[in-house]
Structures are given as structure tokens and as C-alpha cells.
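Make a model of the complete structure from these sequences and hints.
Protein chains: 2
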Amino acid sequence: MNVAQPSAPPLSPRLIARFRKIVGDKYALTDAADIAPYLTEERDLFHGRSPLVLRPRSTAEVSAICALASEHRIALVPQGGNTGLVGGQTPHNGEVIVSMRRMDAIREIDTASNTMACEAGVILQVAQRRAAEVDRLFPLSLGAEGSCTIGGNLSTNAGGTLGIITAATLKLFPKPRAIETAFVGLASPAQALKLLSLSQNEAAGTLTSFELAAEIAVDFSIRHGIDVRAPLDNRHPWYVLMEISSPRDDARATLEAILAKAMDDGIVDDAVIAANLSQRQAFWKLRDEMSAAQKPEGGSIKHDISVPVAAVPDFLEQADAAVRQLIPGSRPVPFGHLGDGNIHYNISQPIGADAADFLGRWHEVNAVVFDIVMRMGGSISAEHGIGVLKRDELLDVKDKTAIELMRAVKAMLDPLGIMNPGKVL
Amino acid sequence: MNVAQPSAPPLSPRLIARFRKIVGDKYALTDAADIAPYLTEERDLFHGRSPLVLRPRSTAEVSAICALASEHRIALVPQGGNTGLVGGQTPHNGEVIVSMRRMDAIREIDTASNTMACEAGVILQVAQRRAAEVDRLFPLSLGAEGSCTIGGNLSTNAGGTLGIITAATLKLFPKPRAIETAFVGLASPAQALKLLSLSQNEAAGTLTSFELAAEIAVDFSIRHGIDVRAPLDNRHPWYVLMEISSPRDDARATLEAILAKAMDDGIVDDAVIAANLSQRQAFWKLRDEMSAAQKPEGGSIKHDISVPVAAVPDFLEQADAAVRQLIPGSRPVPFGHLGDGNIHYNISQPIGADAADFLGRWHEVNAVVFDIVMRMGGSISAEHGIGVLKRDELLDVKDKTAIELMRAVKAMLDPLGIMNPGKVL
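Chains as they are written, first to last, in the numbering used here: chain H, 1 to 425; chain Y, 1 to 425.
Just to be clear, a hint being listed does not mean it is correct.
Below, a list of computed lysine-lysine pairs in the BS3-like style, where the Cα atoms sit at most 27 Å apart [stated by the list, open to error]: (1) K171(Y) to K175(H); (2) K171(H) to K194(Y); (3) K194(Y) to K261(Y); (4) K171(Y) to K400(H); (5) K175(H) to K194(Y); (6) K295(Y) to K171(H); (7) K398(H) to K171(Y); (8) K285(H) to K295(H); (9) K171(H) to K175(Y); (10) K175(Y) to K285(Y); (11) K285(Y) to K194(Y); (12) K194(H) to K171(Y); (13) K295(H) to K194(H); (14) K295(Y) to K285(Y); (15) K175(H) to K285(H); (16) K175(H) to K261(Y); (17) K285(Y) to K171(H); (18) K194(H) to K285(H); (19) K171(H) to K171(Y); (20) K175(Y) to K194(H); (21) K175(H) to K175(Y); (22) K175(Y) to K261(H).
Some chain H residues well away from chain Y (every beta-carbon gap over 12 Å; in silico) [said to hold, decoys possible]: (23) P237; (24) R375; (25) P415.
These aren't lab readings, by the way, just hints derived from the structure by calculation.
Computed from a prediction, not measured in an experiment: that's the story for all the values here.
Ideal Cβ placement from N, Cα and C applies to all residues, glycine included.
Dropping the structure here:
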């Protein structure tokens, strides 16, 4: 994806030397081979370029970098685990990268206040584990948790940062004692919505996951994932992966009661509860592989949208129809977090079609899908952020006054326009 | 408290007529008697003045008011239930009051998305009740809930608003099935901290209240409150009012198990569990009366501070010593939400002292208390906001860059300085 702006002036060797002095020789990367991993991202949608990667270890070093950059109007792009999906962390125009990964100290865990003070470069999974060690839960969980960072998590909804996050204090929760997971087959998103409502009533605050997936998403994951198996004997048009995490030992009984009632009421057609931890992990692997499992099926046009929870069935029906009308044979592969109304509405190319041709229609497909999202009062970006991927669409769908205010805030905090320029706005 | 700034120019009759036209005759108040209730507040600390109270019924009317005010540089003070404790809602300099109470529609309740769209003037208790009617919980609860409004709740932490909130969509939670409440006597804040930790471990996410109060706070409430009785037979130096709200029917067993273990471990000296709803309400009345019950004891200097939860015992010890050294015979009456580290650190005057003399030392006492708060990494304002009451202290304790940025945001959104001028910044 070409998102280049007019080029930044090249960095003088003298200026590079001054940046180098701030972080130390070893942590100022200028060799192309060293810099390369910072320039691309997992989906291979974006390729950046940069003369310099700085790897500061302290807030003082970050501050010195910003001061020097400000003095010489050098644009900066902060980067955490480089797992973003919308190009927010990529230096599209030769900016200097400030990699935060060396700032990975957990400064303090306070179990009385239930807080954990993490530096920006702490890997999400490390934060989760350290919380668990003190019998607490840090509830944020996502596919990239093994490599994404806290600083990146916090700026995900604002790919164009207003500054650089160096550390944050996170709220912790009691660690659940019992976690029970079910894989459920059902007829439609409308039935899944009924199951969600029933589950929220019965499990109340202990319902912690409710993932909806179309049959094709499960099929792809089984076909292309390594060691992924079908949890149910028969096929179903839709599936739900649901989980109850309880502070007491009642999670199993609650889950069984929900599923029994749902079967009686004809909401659910089949269901299996994970018998042990490895089966639970297998259910989650099937879910976590869904995005990667689209790759062998050719080009995929992605959407990370949200609509009011009650509108999800209508959204899926209307979007499928609109997309199939636009590109006959295209294959919607929707999956996502029904409890949030957040659907990863991805579309795989028609079988045998040319991937480049299909991907060339990215914006055309976006327009059709976003139109339905906006009519339903939803959002074109749910959990992946705006970055550069959705920058242009944001202007189309967002209230003009809101955009003006965001621009004014950005201009006020970053008057030289050197903080991750060209992202979001 | 005198917080007057240079006076605003008087409003011309012609301009008043234009404002009146926007909301209709009946809803533009100009008679002194009609305006009076909007000028004072519960603590009788602040007295404002205003030529005009506007009571719009729609966002369009609010918008028209702002446009006209902007055209003529007329300063506005938005007001909800007028229950604020820091003077944020008071027109100190003859500003026009925009009372939001007529905008009291609940626009939508979506039980699938668990959201409720409320206009700004919806009374908090009405929002709670409407949520309960659809088997949901809106968990915000506070002393003024019978008269404070959603718009005011949202702006409480920012008494100097950047605009006017006309409506908000609130997140709802499952309604708990069982609520159990205990009143506990114990020796010290340190013991209360142990009980909190034990309770969080045993009750996990179902511990919903944990209020700490000094003996004197309970005494005042019993002495001066109407129909308030001591829940325990004997006196104790400190008390805790704790509550468990569970989605299941295990709240009673959980609470009993916590208290039994706390007794065994010598953490708790005595405890009683509310036998029924009226006893539960009596426990809460005792707590809710604590602030009002200070009035008959003479002048009270108030603080609404927070420190890290683990630091509360140290804070109370150091603050008591410092305040008693500054004003011998003064009586600290601390109570608050231990789980948040939020203490209403109020100080009643020495017995027989002159109330005006005592209140004259308000800022001197603040300085001593805030110094301890800041050393402990706390905040001088926890849940009451800044308003004008703590405006000057904010400048002393807050990072200079943070203040500059707040000022710049305010200037950007309110370039004419007509939105609740003189508050916070």
C-alpha cells in the first residue's frame, strides 16, 4: 500500500551521531539489515523506510530524542512490538523509528491497589504472567500478545500518536479460580445472539469470552492450521467459542446449565465443553488461527468493524449480500467478539481469481461495507485502530467537527508535526 | 468563599430576549427568587450571582444558546443537579446558567449491547432504576444520587467544562442476584487493609463496597443522624461497611466465610451481617449521614484525597499527627472508599472553638494534608473534582507541563473563554 508523503530531508551524519550519543552506539541502528525488521509488518501490506532506529532504555533518553528531533524538525515514529495491522507503526516517509522494546521493566506491582506500573516496551504476555504470579488478572488478551507491547496496546486506537508513551500503570483484577470453555454449533447469528443473552443472564459477570465464527472461518482454520481439529462431529453454519471465568468453583455447573437450557430452547444444535486445559487450548488455537488461515486461500480484504450488538445479524446478512453482488464468488469469512459487536469482517477472494486484481478492489469493498456499518450506527475501526489503512475512510465517515477538533488537538500537542506524521489525520 | 473575577458586562434586555426566545418564556428565569436556588449549594461555601437561568429541552436549544453566547462573548455555566462540592457549577461572576435538568429523557436502552443512552439531565437514581427494570446494573452510586445528574457526574472531574454535555451512552452490567452487607469493628486501618485483601481474594469480583470509617465518624452519624443506630454492641476504633454482590446465590456464604476467617486471624473484632433489606439500608444510612453529621459539630475543613491503597494507614497516621500539631484539639473525621484509596479526610473544629476562625485556616490545613498526599504519590482530588475549591492548589501540585497542556486544550476548544470561566484552570 502506497502511503508515501513528500520525503523528509535526509539525516546528516552529524545529526545521526548526536542521536547515537543519546542511546549509545549499540542501540542506534543504521545498517539496512538491522533496520529491515522494523520496516515491514505481518500482513506484508506496508513497507516503510528509515535511516535510523533508536532503542532508548529510559524516559530521559526518550525525552532527549524528542528534544533533538524537535530542534531539527525530524519526524519520529514510535514502535512497540510492530504487530499493528493498520500501518500506524511503519515509517512511510523515512522517519526515525523510536523502538520502545528495551523499556521493558515492570516498575511496580501493588496488590493492595491492584495496579502494575509497566514501561511501554513490556510484552503483553509478560504483563499477564506477572499479574498471574501475584494471583491477579490483567484481562487484556489478543492474538499478538506474545510480541505486542503495552505502549502499543495503549496507542492502538490512535495509530498517529500525540507523543510517546514511556510507561503506564495498569489496573489488575482478581484471578479467576475456574475457567470453563465450550465450543458450540448453531444455525445463525440470530441464534448466537439469543445464546449471548441467555449466557449473560445466567453467568452474569463471569461470562468472559463469546466469539462468533462462520463455518468457513472454522473450515479454513482446520484446513490450514497446524494440529487444528474440528471440536464437533458434525458441521454447523455458525459456531460460538464461549468461556466462563468464575471467582468460585461454579463455572462448570453454570456453563452446563446454560448449554442445557439453550439445547432445550432450540438455540444451540450441538456443544462440547473442554475436558481439560489442552482441549481448551485447542479450541482457542482454532480461533486464533482464523486470520492466518486465510492466507493460503489467496487475497483477503479485511475489515475490523463494530455495530450495536443487536444489529450484528442484520449487518452480516446485508454485508454478505452487498459484497457478493459487488464481486461474485467472493467469500466472506466473518468472525469476532459478539459481546462487543466487533466483527472481523474479512473477505477471501473468489476461488481461482487473481489475488492482485481482487486486492485492487480493497477501497471499493470498504465503501460498500462501511456504508452498511454507518447506517447501523457502527464504527469502521473497532480494535485495530486507524493508522494509515483507514485514514482516508475516517474523513468520509466521521463528523466534520470531530475531525477538526482532533486536528486541533494534534496541532496543539505536536506543532511541528514530527510525531508519527501522516497517521490517522 | 470569594472567587470573584472581574465582572462580566451586564446583559442587555435585548440579548436576554433573544436567549428567552430560544428556550421559551417559561424556561428563561430572570426573577431573583426563581434564580436563587441555582446560586447556592449544599455546603453553603459558595454563593454565585446570575442575571439569567436558561432551561433548554434539546440539543438544538443548547446549540443555539452556545452560538448566541459565542456571538456576544457571554460566559455560560452549565448546571445539572447543583450537588457539586467544589463550586464548579456556581456562576461566581454573573455568568448565564444553562440548567440541563429538563433534558431528562432516556433515549434508548439496548439490552443486547448493554447500553443506555441518557440525556444530560437524567437523575442518577432514575438511570439506576431504569437499568434495574431491564435486569441490568448501572453501578455508579453516590450520596447525591437522588438529585445529581448524568451530565454532572460526567463533568465532575472537570468542573471547568470544555463544552456542554447534552447526552451520553452508559455501559450497563448484569444485575446482581444477591447482595449481602456487613458492618465490622476493628482496631486500625492496617487491619482494615488486611480485611480488604482477604475479601478481594475470597470474593474476587463480587466485592462491591468496602467503606472505612473512624469511630468518631460513626459517633457523629449516630449522634446527629435521624433514626441512626449503632449496629454493633461495643465501640471500636475503626469500622468497615462491606458488601458483596453476586450473580449467584453464594453471597451470604462468601461473606460469612470471609468474616469467620478474619475473626480467626484476629483481623476483625466484631461483625454483623444485615439480616434483611431494612437493616442493610440502616447500615448505609449510617454511612451516608457522615458528611451531614459533621455540621452540628461546628466548622469542618474537607479533603477528598486519594493515595495508593496500601498507603492509607500511613497517610491517616501522618495526616492526623500533622493536623493536630497545626491546630491542637482539631478532630479528624476520616471515612471513605478504602478499595480506591479515596478518603474523605474531613476535620471538625476543636470543641468550643470559633467556627469562622477555624475555617479561616482552610488553606493552611490543606497545605499540610496535601503535602503528605503528594509525598505518597496521591491526588488532592479524588471524586469531587477541582472546581474553584481546589483550583489554586492544583497549580501547586500538578506537573507544570500537564497544566500548560490542559490550558492549551481549554484555549483550543473554548477560544473566547466563555465555557464555565475560572473553573479548574
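Cross-check of the supplied hints:
For the proposed pair K171(Y) and K175(H), the alpha carbon gap of about 23 Å is at most 27 Å, so the pair holds. For the proposed pair K171(H) and K194(Y), the alpha carbon gap of about 20 Å is at most 27 Å, so the pair holds. In summary, the hint linking K194(Y) to K261(Y) is supported, as the alpha carbons are separated by about 11 Å, within the 27 Å threshold. For the given pair, K171(Y) sits about 26 Å from K400(H) by alpha-carbon distance, which is consistent with the 27 Å threshold.
Simply put, K175(H) and K194(Y) have alpha-carbon atoms about 18 Å apart, close enough for the 27 Å limit, and the pair holds. Under the criterion of a C-alpha separation no larger than 27 Å, the hint pairing K295(Y) with K171(H) is inconsistent with the structure, at around 37 Å. Restraint check for K398(H) and K171(Y): satisfied, since their Cα atoms lie roughly 22 Å apart, inside the 27 Å limit. Between K285(H) and K295(H), the direct Cα distance comes to roughly 16 Å. Compliance with the 27 Å bound is thereby established for this hinted pair.
Between the alpha carbons of K171(H) and K175(Y) the distance comes to roughly 23 Å, so the proposed pair stays at or under 27 Å and holds. Of the pairs offered as hints, the one joining K175(Y) and K285(Y) holds, with about 22 Å between alpha carbons and a cut-off of 27 Å not exceeded. Simply put, K285(Y) and K194(Y) have alpha-carbon atoms about 25 Å apart, close enough for the 27 Å limit, and the pair holds. Distance hint between K194(H) and K171(Y) is fulfilled; the C-alpha atoms sit about 20 Å from each other, no more than 27 Å.
With a C-alpha separation of about 32 Å, the suggested pair K295(H) and K194(H) falls outside the 27 Å cut-off, and the hint is violated. Restraint check for K295(Y) and K285(Y): satisfied, since their Cα atoms lie roughly 16 Å apart, inside the 27 Å limit. Proposed proximity of K175(H) and K285(H) is supported: the alpha carbons are some 22 Å apart, at most 27 Å. Proximity of K175(H) to K261(Y) is assessed by CA-CA distance (about 20 Å); at most 27 Å being required, the pair is judged to hold.
Distance hint between K285(Y) and K171(H) is unfulfilled; the C-alpha atoms sit about 31 Å from each other, more than 27 Å. For the hint pairing K194(H) with K285(H), the CA-to-CA distance comes to about 25 Å; that is within 27 Å, so the pair holds. The straight-line distance between the Cα atoms of K171(H) and K171(Y) is roughly 18 Å, inside the 27 Å bound, and the hint therefore holds. Restraint check: the Cα-Cα separation between K175(Y) and K194(H) comes to about 18 Å, which is no more than 27 Å; the hinted pair holds.
Between K175(H) and K175(Y), the direct Cα distance comes to roughly 21 Å. Compliance with the 27 Å bound is thereby established for this hinted pair. Under the criterion of a C-alpha separation no larger than 27 Å, the hint pairing K175(Y) with K261(H) is consistent with the structure, at around 20 Å. Under the 12 Å C-beta cut-off, the non-interface status given to P237(H) relative to chain Y holds; the minimum distance is some 21 Å. At roughly 16 Å, the least C-beta separation between R375(H) and chain Y is larger than 12 Å, which holds for a residue marked as non-interface.
Distance check for P415(H) against chain Y: the nearest CB is about 10 Å away, which does not clear 12 Å, and the non-interface claim fails.
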